[in-house]
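Trainee: Sequence:
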Amino acid sequence: MAEQNKDPIKSHQPTMCVVCAWRADCKKKYSYEQGSVIKCPDYTRDHALPEPQEADK
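Residue numbering for the sequence shown follows the working numbering, starting at 46 and increasing by one per position.
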C-alpha cells in the first residue's frame with residue numbers, strides 16, 4: 046500500500062494553479078471560475094517555490 050501524503054493541503058490554503066507542481070502540463074489550468082473555491086484533485090504544491098509567510102508570525 047502506498048504511503049499517504051504526510052503534508053496534506055490545509056483547508057485554509059487555496060489550491061492555486063500558479064503554485065501547483067503540475068502547472069506546466071495541466072489540462073485544467075486556469076479553467077476554474079475566478080473567485081470560486083478550487084479543490085483540484087490533481088493539486089500538489091510545488092516544493093521548489095518558497096513557503097508562504099504566515100500572517101501571525
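None of these hints come from the bench; they were simulated from the model.
For every residue, glycine included, the Cβ atom is placed at its ideal position computed from N, Cα and C.
Careful: at least some of the hints might be erroneous.
Unchecked claim - Taking lysine-lysine pairs in the BS3-like style, the calculated list, with each CA pair at most 25 Å apart, reads:
no.	residue 1	residue 2
1	K73	K84
2	K74	K84
3	K72	K84
What the hints assert, rightly or not - The following label-pair restraints were derived from C-beta to C-beta distances:
no.	residue 1	residue 2	range
4	P97	W67	28 to 36 Å
5	Q98	K72	17 to 25 Å
6	P95	W67	14 to 22 Å
7	L94	K73	16 to 24 Å
8	A66	Q98	26 to 34 Å
Trainee: If a hint holds in the structure, say so; if it does not, say that too.
Mentor: So, going through the hints one by one against the coordinates:
no. : hint                   : result
1   : K73 to K84             : holds (12 Å)
2   : K74 to K84             : holds (13 Å)
3   : K72 to K84             : holds (15 Å)
4   : P97 to W67: 28 to 36 Å : violated (19 Å)
5   : Q98 to K72: 17 to 25 Å : violated (31 Å)
6   : P95 to W67: 14 to 22 Å : holds (19 Å)
7   : L94 to K73: 16 to 24 Å : holds (19 Å)
8   : A66 to Q98: 26 to 34 Å : violated (20 Å)
Violation of the numbered hints given earlier is confined to hints 4, 5 and 8; the remaining hints are satisfied by the structure.
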